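J.: Here is what each chain is made of, one letter per residue.
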Amino acid sequence: MGDDEPVDLVAPTGYVVSLAHEQASSDGPSGPVVEWRSSWQLAWEPVEGARSYAVHYGTSEGTPGGPPARTETEPVVQIEAAAGTSAPERLEQDRAAGLLFTSSQLLVSVAAVGPDGTEGPRSPWFPVGDVPPDGLPIGTQAADVLAD
Amino acid sequence: MCRGQPGGQIAWKRIPREGLRMHVSSRSRIATTALTGFAVALALLAATPSAGAQEESEGEEPLEEASFVDPTARTTMPEQVELEERVYVGPFAELLGGRRSGIHIGPESNVQDNARVEAAVRRTVRERLAIARLGLNNRSGVETGERVILAHGSSVRGPALIGVGAAEEDSGVFVSFGAQVDGAIIERDSGLSALSRVGPGVRLRSGLIVLPGKNVTTQDEAEDPALGKVRPIVDADRAFNAGVVEVNVGLAREYTRLEREDPSAVLGINVDPGGNVFDANRDAPTVESALCTGPAVREPAFRNRIIGDVCFEDSLSTLDERLGDEISLRADEGGPFSVGTIDQMHDGVILHAIEGADLSLGNGVSYGAGAIVHGGGRPAIDPTTGFAAPTVVGNDVTLGAGATVFRSLLRNGVVVGDRSAIVGSELEIGQVVPPRTIYANDAAFGPVEW
Chain A
1 MGDDEPVDLV
11 APTGYVVSLA
21 HEQASSDGPS
31 GPVVEWRSSW
41 QLAWEPVEGA
51 RSYAVHYGTS
61 EGTPGGPPAR
71 TETEPVVQIE
81 AAAGTSAPER
91 LEQDRAAGLL
101 FTSSQLLVSV
111 AAVGPDGTEG
121 PRSPWFPVGD
131 VPPDGLPIGT
141 QAADVLAD
Chain B
1 MCRGQPGGQI
11 AWKRIPREGL
21 RMHVSSRSRI
31 ATTALTGFAV
41 ALALLAATPS
51 AGAQEESEGE
61 EPLEEASFVD
71 PTARTTMPEQ
81 VELEERVYVG
91 PFAELLGGRR
101 SGIHIGPESN
111 VQDNARVEAA
121 VRRTVRERLA
131 IARLGLNNRS
141 GVETGERVIL
151 AHGSSVRGPA
161 LIGVGAAEED
171 SGVFVSFGAQ
181 VDGAIIERDS
191 GLSALSRVGP
201 GVRLRSGLIV
211 LPGKNVTTQD
221 EAEDPALGKV
231 RPIVDADRAF
241 NAGVVEVNVG
251 LAREYTRLER
261 EDPSAVLGIN
271 VDPGGNVFDA
281 NRDAPTVESA
291 LCTGPAVREP
301 AFRNRIIGDV
311 CFEDSLSTLD
321 ERLGDEISLR
331 ADEGGPFSVG
341 TIDQMHDGVI
351 LHAIEGADLS
361 LGNGVSYGAG
371 AIVHGGGRPA
381 IDPTTGFAAP
391 TVVGNDVTLG
401 AGATVFRSLL
411 RNGVVVGDRS
421 AIVGSELEIG
431 QVVPPRTIYA
441 NDAAFGPVEW
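Protein sequence lines correspond, in order, to chains A and B.
Start counting the first sequence at 1; every next residue gets the next number (the numbering used here).
Start counting the second sequence at 1; every next residue gets the next number (the numbering used here).
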């Protein structure tokens, strides 16, 4: 099979989400504060025949058409999802709320891309920032179903 | 292209009147009508079916460049209101130019349902002095740069500049539900979260976003995240802004196409434009069954905008009795909306949903003036579909004036106070959320400070 011949691609499977946090403490105008940033990661099993993975964004206002927002060579996408400066006792609540606000407005869907540049079926929409306790994301609806 | 100049001065590049007419009123007539709060206002009423059914006739803006102003949107001093290309102005939005001050909406910007932009307002001496420090005065008006989003129920009180200045990354500006820019400068690559405000004389710098419900009244508050009112913008915010801009550019194109095919189709109770990846088909609202099994209705003369796959339990005559004015129920992205019997729906209510998300509203619900229910998948699985559970408002729920519900479950008898926001939460039967409260993740996040 040539490099640019079409292949039958399947939708990614085995989705797992996680968070990575960075934080630093300092003194604020009215006491100690913590500056924090949180990145959200969606990973999935490699798709046979995929040369890369297309990443599409959806929003609370609708879904843009057109080309993917970004392309990943590995089966993972990481997005800076929330940031803030909090009093230490508010850190967890503020971080959870920041991630919730992001997950309420931005969603992501991924698809394998074959050697000829054709996209395979898309994943469901996953809210950016949501991480259920078991790490298994809750999708909204299959994106390619909506696109049909 | 119109740009804010260093020091806050505005260099107006006036779009010729014909330019505005091309976008707005070549297919409309401008009539004088009385509006609440104004002695006289000019309303844009689409009426002249001159465009015909062709895609683009001679002299028409190409669809890809077209701006669309919903026929229910209103303006004063239309000669003072300028729209650049690919702008979307939603139902009942208000663009209120002044005698000596204008409004300029930049390319690919949007003014969504019930958003209100005033070129100038009465100011105290203290406010005028604060605003003067930004280089603005009562003739400066309101200018937005490129890709500025004025979301449902937001407001701008002039003078104000939004989306100006240089930024390392340019994601535009998002002014969220019920937020207000009041005599301020909002630089590019920044934003206001739901129900927040930036007050007179304040410049919100690139890279910062005002937190939900916060009222920024000093420059220190606008610049120092440690004071608890702003946070850094993140990549997810920028991706969101870019997506929203693209969606609204698509709405401008598709509503323009729909209007050219049938001018009455963008009035009253009618079909959504379809043609977008998030809503390919043109659906009409139905009545007499919240399960969408009742008759479809197209009623261009109806006073409110009810668009797309909205399914009412009530009959059309009951809706006429129980609905106020300036209501915008838009299933042009997500849907269907299942709307049970309505106790009362006051003026300015907005229903909307993200694509792929439906919305279920129970019987006997009372909707306060300006209440917003925005459908979106909740952070919980719906066992019947395996996907995220929908936003649900139960029976006999009371939503206060300006209350906002997003991605949540409100069980029967819930009461949401005026100007409170419920996000990502599940409220118990009969639970009461006090007025002016941001409620997120099943807990009070903080107050709405203004």
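By construction, these hints were calculated from the structure, which means they are not laboratory data.
Everything numeric in this text was worked out from a predicted model, so none of it was measured.
By construction, the Cβ of each residue, glycine as well, lies at the ideal position given by its N, Cα and C atoms.
Don't take each hint at face value.
As the list claims (entries may be wrong) - One-sided and incomplete, this derived list gives chain A residues near chain B with beta-carbon spacing under 7 Å:
no., residue
1, Ser60
2, Thr85
3, Pro88
4, Ile138
Claimed, not checked - Chain B residues, not near chain A, derived (Cβ > 10 Å throughout):
no., residue
5, Thr124
6, Arg126
7, Ser193
8, Asn248
9, Gly250
10, Thr293
11, Pro300
12, Gly324
13, Pro434
J.: Next step is simple, just say for each hint if it's right about the structure.
T.: Hints and how they fare:
| no. | hint | verdict |
| --- | --- | --- |
| 1 | Ser60 | holds, 5 Å |
| 2 | Thr85 | holds, 4 Å |
| 3 | Pro88 | violated, 12 Å |
| 4 | Ile138 | holds, 5 Å |
| 5 | Thr124 | holds, 28 Å |
| 6 | Arg126 | holds, 24 Å |
| 7 | Ser193 | violated, 7 Å |
| 8 | Asn248 | violated, 7 Å |
| 9 | Gly250 | violated, 7 Å |
| 10 | Thr293 | holds, 22 Å |
| 11 | Pro300 | holds, 24 Å |
| 12 | Gly324 | holds, 25 Å |
| 13 | Pro434 | holds, 18 Å |
Comparing the model with each numbered hint stated earlier shows that hints 3, 7, 8 and 9 do not hold.
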